[in-house]
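Number of protein chains: 2
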Amino acid sequence: MTGSKPTLAIIGGTGNLGTGLARRWLGGGYEVIIGSRTAEKARQVADTLIVPEGGRKAVGDANFQAANLAEIIVLTVPYGWANAILDDIKPAVHGKIVVDTTVPLMLPKVARVQLPPEGSAAVAAQKRLGDGARVVSAFHNVAAQKLQSGVEVDCDVLVFGDSPDDREVVIALAEAAGLRGIHGGPLDNSAAAEALTSVLIGINRKYGVEGAGIRITGIA
Amino acid sequence: MTGSKPTLAIIGGTGNLGTGLARRWLGGGYEVIIGSRTAEKARQVADTLIVPEGGRKAVGDANFQAANLAEIIVLTVPYGWANAILDDIKPAVHGKIVVDTTVPLMLPKVARVQLPPEGSAAVAAQKRLGDGARVVSAFHNVAAQKLQSGVEVDCDVLVFGDSPDDREVVIALAEAAGLRGIHGGPLDNSAAAEALTSVLIGINRKYGVEGAGIRITGIA
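So the protein lines, in turn, are chains A and B.
Using the numbering used here, you'd call the opening residue of the first sequence number 260 and step up by one each time.
Using the numbering used here, you'd call the opening residue of the second sequence number 260 and step up by one each time.
Some clues are possibly wrong.
Since the list gives no way to pick one copy over another, a pair counts as held whenever it fits inside one copy or between any two copies.
Claimed, not checked - Within a straight-line C-alpha distance of at most 27 Å, the following computed BS3-like cross-link-like pairs (lysine-lysine) qualify:
1) Lys386 - Lys368
2) Lys300 - Lys405
3) Lys316 - Lys386
4) Lys316 - Lys465
5) Lys405 - Lys264
6) Lys316 - Lys368
7) Lys368 - Lys465
8) Lys368 - Lys300
9) Lys368 - Lys264
10) Lys349 - Lys386
11) Lys264 - Lys316
12) Lys316 - Lys300
13) Lys386 - Lys405
14) Lys405 - Lys349
15) Lys465 - Lys300
16) Lys349 - Lys368
17) Lys465 - Lys264
18) Lys349 - Lys465
Worth flagging that the hints you see were computed from the coordinates, not collected in a lab.
In this text, all values refer to a predicted model and were calculated from it rather than measured experimentally.
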């Protein structure tokens, strides 16, 4: 833990993606607050996260409190709950980077691309939170169950946001989680990675695999 | 050349993507008809394509005639011209596989994802051609200039279409061009690869490279 590392709130952080990222960021020396609808549930899950050597125990709190205490807010909530949770944390995100991992999966056809009218879940979140929030979207294509372990994940993280500097911050978070982060361009471009998740779910089914991912070629 | 290989028309086939695919398919023993707005232009370009050993010379014809003579039709036309060319060839495509490579790049911001109201260029093409055409979309993410040479292209081809059998046919065409083709699911999912092309253009600029591509991981 160094003073220069921002405190991270993982909103809706009790699921596979939230706890998977939490484990890796704790291992990277970050302070992590797990957020959930109730503080009690958040604390229960935070208590299950193994503290890495030299690391700090995760804490838990209700989503709004977690967002309020953190410098960077990471959203790992199911698409169907996103709007209610965005409204809940909105007063706590002004001026902060909000990392949106939301993929617009529409039940029951989660392997069919169904982007929202705004073009992407990330653009919809930015509109809902207002100009005060600095929404960056990322981590759409990473298989959550692979993050739970310490294994290398064979998947790049495309990072989208209208501020290249904010994208750099999130690329550093990807790297702290053991993943390669790549500039994907403006927030509008989030549609590409969000759509790709449905394609990857279909590939998992069609090819009988788990955790198909993507790599960008030709840049290294 | 074997009798079992379908004759291919490459509509709008005088550009980099069209001639790049043509070279590779000629090398794979396919009969190729280059289509252009005028038969003369198409023949001029067909004459420039090197005939591979044991292969057959490409021929050229006007777009409609090329489509009419072929068993499989491949569209390699700029987005702005797509509707006019679809209307031109529509009477010639009934019952045939139409491989749409169109990416909805909107000048001047080609590195910004701007999907059409139909959700994707491929779905728009299917609507324009009507139910008689079997639209499959593919080859969105491959750098055209890399196809011109015989080098291995480090990029997968995501193939979208509502018929898995038709997708298989196009996956075989990708393989004949030296590329790995992958089932990407229904035509609606074409949005993912179309959007990704704008992301890749942005990556080329941001990282100072040419021909960034994608690989699907975890399936082989």
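We went through each hint and held it up to the structure:
1. Taking the closest pair of Cα atoms, Lys386 and Lys368 come within 27 Å of each other both inside a single copy (26 Å) and across two copies (22 Å).
2. With identical chains, the CA atoms of Lys300 and Lys405 are at most 27 Å apart within one copy only, with a shortest distance of 23 Å there and 53 Å across copies.
3. Neither within a single protomer nor between protomers do Lys316 and Lys386 lie at most 27 Å apart by alpha-carbon distance, with minima of 34 Å and 55 Å respectively.
4. In this homomeric assembly, Lys316 and Lys465 never come within 27 Å of each other (Cα to Cα): the closest approach is 40 Å inside a single copy and 38 Å across copies.
5. In this assembly of identical chains, Lys405 and Lys264 lie within 27 Å of each other by CA distance solely inside one copy; the values are 24 Å within and 42 Å between copies.
6. Taking CA atoms no more than 27 Å apart as the test, Lys316 paired with Lys368 passes in neither setting, with 38 Å inside one copy and 46 Å between copies.
7. In this homomeric assembly, Lys368 and Lys465 come within 27 Å of each other (Cα to Cα) only inside a single copy, at 14 Å, whereas the closest approach across copies is 35 Å.
8. In this homomeric assembly, Lys368 and Lys300 never come within 27 Å of each other (Cα to Cα): the closest approach is 30 Å inside a single copy and 45 Å across copies.
9. For a Cα distance limit of 27 Å, the shortest separation of Lys368 from Lys264 qualifies neither inside one copy, at 39 Å, nor across copies, at 35 Å.
10. In the homo-oligomer, the alpha carbons of Lys349 and Lys386 lie at most 27 Å apart inside one protomer (11 Å), although the nearest pairing across protomers, at 41 Å, exceeds that limit.
11. For the identical chains of this complex, Lys264 and Lys316 are intra-copy neighbours only, at 15 Å inside a copy versus 63 Å across copies, given an alpha-carbon limit of 27 Å.
12. For the identical chains of this complex, Lys316 and Lys300 are intra-copy neighbours only, at 16 Å inside a copy versus 70 Å across copies, given an alpha-carbon limit of 27 Å.
13. For the homomeric pair Lys386 and Lys405, neither the shortest alpha-carbon distance inside one copy (31 Å) nor that between copies (40 Å) is at most 27 Å.
14. In this assembly of identical chains, the alpha carbons of Lys405 and Lys349 never lie at most 27 Å apart, being 30 Å within a copy and 47 Å across copies at closest.
15. In this assembly of identical chains, the alpha carbons of Lys465 and Lys300 never lie at most 27 Å apart, being 36 Å within a copy and 42 Å across copies at closest.
16. Taking the closest pair of Cα atoms, Lys349 and Lys368 never come within 27 Å of each other, the shortest separation being 30 Å inside a single copy and 31 Å across copies.
17. Taking the closest pair of Cα atoms, Lys465 and Lys264 come within 27 Å of each other only across two copies (26 Å); inside a single copy the shortest separation is 41 Å, beyond that limit.
18. For the homomeric pair Lys349 and Lys465, neither the shortest alpha-carbon distance inside one copy (40 Å) nor that between copies (32 Å) is at most 27 Å.
Consistency with the previously given hints fails for numbers 3, 4, 6, 8, 9, 13, 14, 15, 16, 18, ordered from lowest to highest.
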